[in-house]
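Engineer: One-letter residues, chain by chain:
Protein chains: 4
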Amino acid sequence: MSLLIEPSFWEIAKNYRVIMFDAFGVLKNSHGIIEGVPDTVARFREAGIASYVLTNDASRSPQEMEKTYTHARHGALIPATHIVSSGMLASEFLALKVRSGPVGYIGKEASAHYVRVAGLEPIPVDRVTDPDSLRAFCLLDDEGFDWFLDINRAVNLLRRVNIPIVVANTDIAYPIDADDVAVAVGSLANMMEGIVRKTFIRFGKPDTQIFSFAYARVREAIPDIKKNEVLMVGDTLTTDIIGANKFGIDSALVLSGNTQRSRADVMIQASGIIPTFVFDSVRT
Amino acid sequence: MSLLIEPSFWEIAKNYRVIMFDAFGVLKNSHGIIEGVPDTVARFREAGIASYVLTNDASRSPQEMEKTYTHARHGALIPATHIVSSGMLASEFLALKVRSGPVGYIGKEASAHYVRVAGLEPIPVDRVTDPDSLRAFCLLDDEGFDWFLDINRAVNLLRRVNIPIVVANTDIAYPIDADDVAVAVGSLANMMEGIVRKTFIRFGKPDTQIFSFAYARVREAIPDIKKNEVLMVGDTLTTDIIGANKFGIDSALVLSGNTQRSRADVMIQASGIIPTFVFDSVRT
Amino acid sequence: MSLLIEPSFWEIAKNYRVIMFDAFGVLKNSHGIIEGVPDTVARFREAGIASYVLTNDASRSPQEMEKTYTHARHGALIPATHIVSSGMLASEFLALKVRSGPVGYIGKEASAHYVRVAGLEPIPVDRVTDPDSLRAFCLLDDEGFDWFLDINRAVNLLRRVNIPIVVANTDIAYPIDADDVAVAVGSLANMMEGIVRKTFIRFGKPDTQIFSFAYARVREAIPDIKKNEVLMVGDTLTTDIIGANKFGIDSALVLSGNTQRSRADVMIQASGIIPTFVFDSVRT
Amino acid sequence: MSLLIEPSFWEIAKNYRVIMFDAFGVLKNSHGIIEGVPDTVARFREAGIASYVLTNDASRSPQEMEKTYTHARHGALIPATHIVSSGMLASEFLALKVRSGPVGYIGKEASAHYVRVAGLEPIPVDRVTDPDSLRAFCLLDDEGFDWFLDINRAVNLLRRVNIPIVVANTDIAYPIDADDVAVAVGSLANMMEGIVRKTFIRFGKPDTQIFSFAYARVREAIPDIKKNEVLMVGDTLTTDIIGANKFGIDSALVLSGNTQRSRADVMIQASGIIPTFVFDSVRT
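Protein chains in written order, with our numbering: chain Y, 1 to 284; chain V, 1 to 284; chain P, 1 to 284; chain W, 1 to 284.
Derived from the structure by calculation, the hints contain no laboratory data. Remember, it's a predicted structure, so these values are computed and weren't measured experimentally. Honestly, I wouldn't trust all of these hints.
The list cannot tell twin chains apart, which means a pair is met if one copy fits it or any two copies do.
[Claimed, not checked] EDC-like mimics (lysine to aspartate or glutamate), calculated; alpha carbons at most 16 Å apart, straight line:
hint : residue 1 : residue 2
1    : Lys108    : Glu64
2    : Lys198    : Glu46
3    : Lys226    : Glu92
4    : Lys14     : Asp177
5    : Lys198    : Asp265
6    : Lys227    : Glu92
7    : Lys108    : Asp280
8    : Lys28     : Asp150
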């Protein structure tokens, strides 16, 4: 069996009412939005097809993310209200289950947005003076702290106190250019959980919760939407595609990010994770 | 810190509009419904509080399960429409993503309900004559087949064909009486996945998908329901309680099943999974 | 980089003083010894090169295994004293650490040899009447018992008593012909350990213990042997090759079993497990 | 069942010919050698009982470690030749299987001893200029490098080149005082392996290889030694005790390190790892 790569993303995607895009490797890379993508998204907008972003990313707010998709000519292609990040699920959890009080975290200052917007008080782990006062602890992002000092600090703090431990991004790595990856906070979380031996609460693809969250948003805008009218587009079989499959919507693998064209067929067969469609990129 | 066991389930539960119950270890055991449970559920019904069942069980249809909760005096305490099983999620997946054709399975004949209701044709693994014709494969239940012959059959079949592999119950074991457990189909799935080396698609708690599914049902009946008006009651920290926490609803651990009273405090601290309340049973 | 397959096994192997062979996929398959293998082994014997077998197999005694390698013309090609099985390590553990008393087991009657030879009394799990009298429990082989009844029996027995639990073969599957595999007792062990939640004690490749055991045997016969005079020949990267590498002896991957010629290069690169040599088979 | 803590370490240990001690939590802590330990070891020496150290530690050479055990009055209690570290196994692997050339590493400068002594040239990861020239890569220690920069560097380097990757200490954490632990290089290795997706080669307890290595040393000094004349003393069930059990020697758990007195009974029962004896410390 040889892999069928559909010649045109547009010809197939235009039959859906909603397109959910993964961000990294699909719409953008470490240099910003991928050339040609603004035209693609603008074309959907003109055709009355709604574009959403579903991203395992808690490094900054949807408002900040919106700027990435704002184009000189086309304007705000994907508004903040159409961007669903794993950080927002973590935030909802904090608002519903923790409610108030100080919350320790590791991550960039900008990632603390997700604690603050839940009505809680974010404290970077190196400034926690009273561990017993913390109501929760969040692993938000892989940057903005001293790995050696703060991971060791966090491990010892979490061994001692019995509070919910939230991981706002389940990814183990993310691509930073064609060749290189960066260790993501999901990997740090796995390592710390192995030492702390408590159950961390994780948010993000492939878990279907982020799809449910986004779909509820879609339903507010398009009350008569049906699952077979939504297409998820992603570059990663183990997060985007299996999550979409499990949620019951169609899935499109694009070969512009984590999954290389030369290895796509083998990876699909080896994993048993089968996308509905495969495209070279969203620009075809 | 010592564990606070609330003296009365009723006094706290009566403040919610919806109670979601786990089945095994909460409402029933291997001998059937636990004595006193019908009175508890009837009392909620009289108070206008809706009872739902959320169960990792694909051994038979909700209609069959309803009979368990039908009482000589009180009648059908929990109607089939209020019973959400992991089998129903598997069924929805099959209907949305596979749609038609033959589907191999292991499990009891009654568990094939979840394939049939999706409009597909269930074939027990020992009667599969043309593996290439299968559109999916389901692991439904731990009974109804010859473990040695059929697990080996299924493993070799799944190595060969590239189709979605569905696990309709993620539990690794289930209690059959005060002392003993039985190996659940989730354990067989983990073992088979290790050999087949493809990604199986799993349905059931602690994944929040079953909570989303049940909550959508609730919302149809009670459109203005809010998450803080729903209480999940379960006997297992690693499925019922963490799932409810992650979904953002309150959780009650009962000590009438998987979690023994003498070990509850240690297990909560060791796991870091913190229920909103702890009760001896739903009959208090 | 493309894989270098050496044209002649003999030309390279003849430079060693000892060859350690894996059994399945190298010397034999489910039909018995592979055609041409007796001539290969006989040639080593004539050249004064010693052949040993290192096998993850506790299904029968080395004396029984010797018969497989006895040839009409060449006689006993590999005597029982040159056959080292994972069962022998389990047996040594029982003799040194358990010493006497009844030992429960799952496996064929012939596999109970490894309990008996340690001076203990093997009892199949379905005949255990007094679990508290058991001094240890062994998982020996995947055949000879009723999987459904006896795995459930063993799980409940092992949850109750606190005794050493021995796994005499770590393999998760073994090839039975060119296309099919069988679930091995190592897979059953992994599944049971996940439910019982105690630490099973495992014996077999890739752990270096079986190499140490065999090397000690070799040293008795050839006191001045050095590690760089020994070649391990196997068909599986994750057991034979990584174990030999870690033990510090040279390793040869043959493509006559678990590792297909078309996938060998990818598997070596993907796993990072690098054999010293690659051959099509030991007959080249 | 309640745990039997033997009143006197000396009374039982004096019946053995060789005592193998774990280092951290048994003989020393982060402040140096534990008070009273020199007298204990000196007493064994006077009685003609040999003391060895078996330690998962590749942070410095045995010669450096010897200094820890050198006492003002008693002199060198445990000479370098009686100290066996996981670093020495890594070193042996490098000498036998890699032989020569540059080897990248993360760890302290002192830990590079184990590369150098194997006849290879250690290069810290931040000074690797030609990844393709490397013959192996070693994870030696958790200190001496910038975690953020160098772990990301190492991950990308190891994704690219296909060389043996050696982990010289399998521990996931180590105690630094009564309350706190530090993340060990074994945890970093697990995290990196999850991203790199190649098989790292690990050295250290609980693998029996370090016991074999030490036992071979003992046999050189005491040719007629038998396994039942050796006692392994450790503070950790999952490394010291299970390793000793599997190697076939007696094991003593001491409650002066990783395993707290109040939790020892529960941990033994929960893990199923059963020491031959339990003592409060080696000073009793």
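Engineer: Each hint: holds or not?
Structural biologist: To see whether the hints hold, each was checked on the structure:
| no. | hint | in the structure |
| --- | --- | --- |
| 1 | Lys108 / Glu64 | within (13 Å within a copy, 40 Å between copies) |
| 2 | Lys198 / Glu46 | neither (49 Å within a copy, 40 Å between copies) |
| 3 | Lys226 / Glu92 | between (25 Å within a copy, 13 Å between copies) |
| 4 | Lys14 / Asp177 | neither (29 Å within a copy, 48 Å between copies) |
| 5 | Lys198 / Asp265 | between (38 Å within a copy, 14 Å between copies) |
| 6 | Lys227 / Glu92 | between (24 Å within a copy, 11 Å between copies) |
| 7 | Lys108 / Asp280 | neither (33 Å within a copy, 43 Å between copies) |
| 8 | Lys28 / Asp150 | neither (30 Å within a copy, 26 Å between copies) |
In summary, the structure is inconsistent with hints 2, 4, 7 and 8 from the numbered list given earlier, while agreeing with the others.
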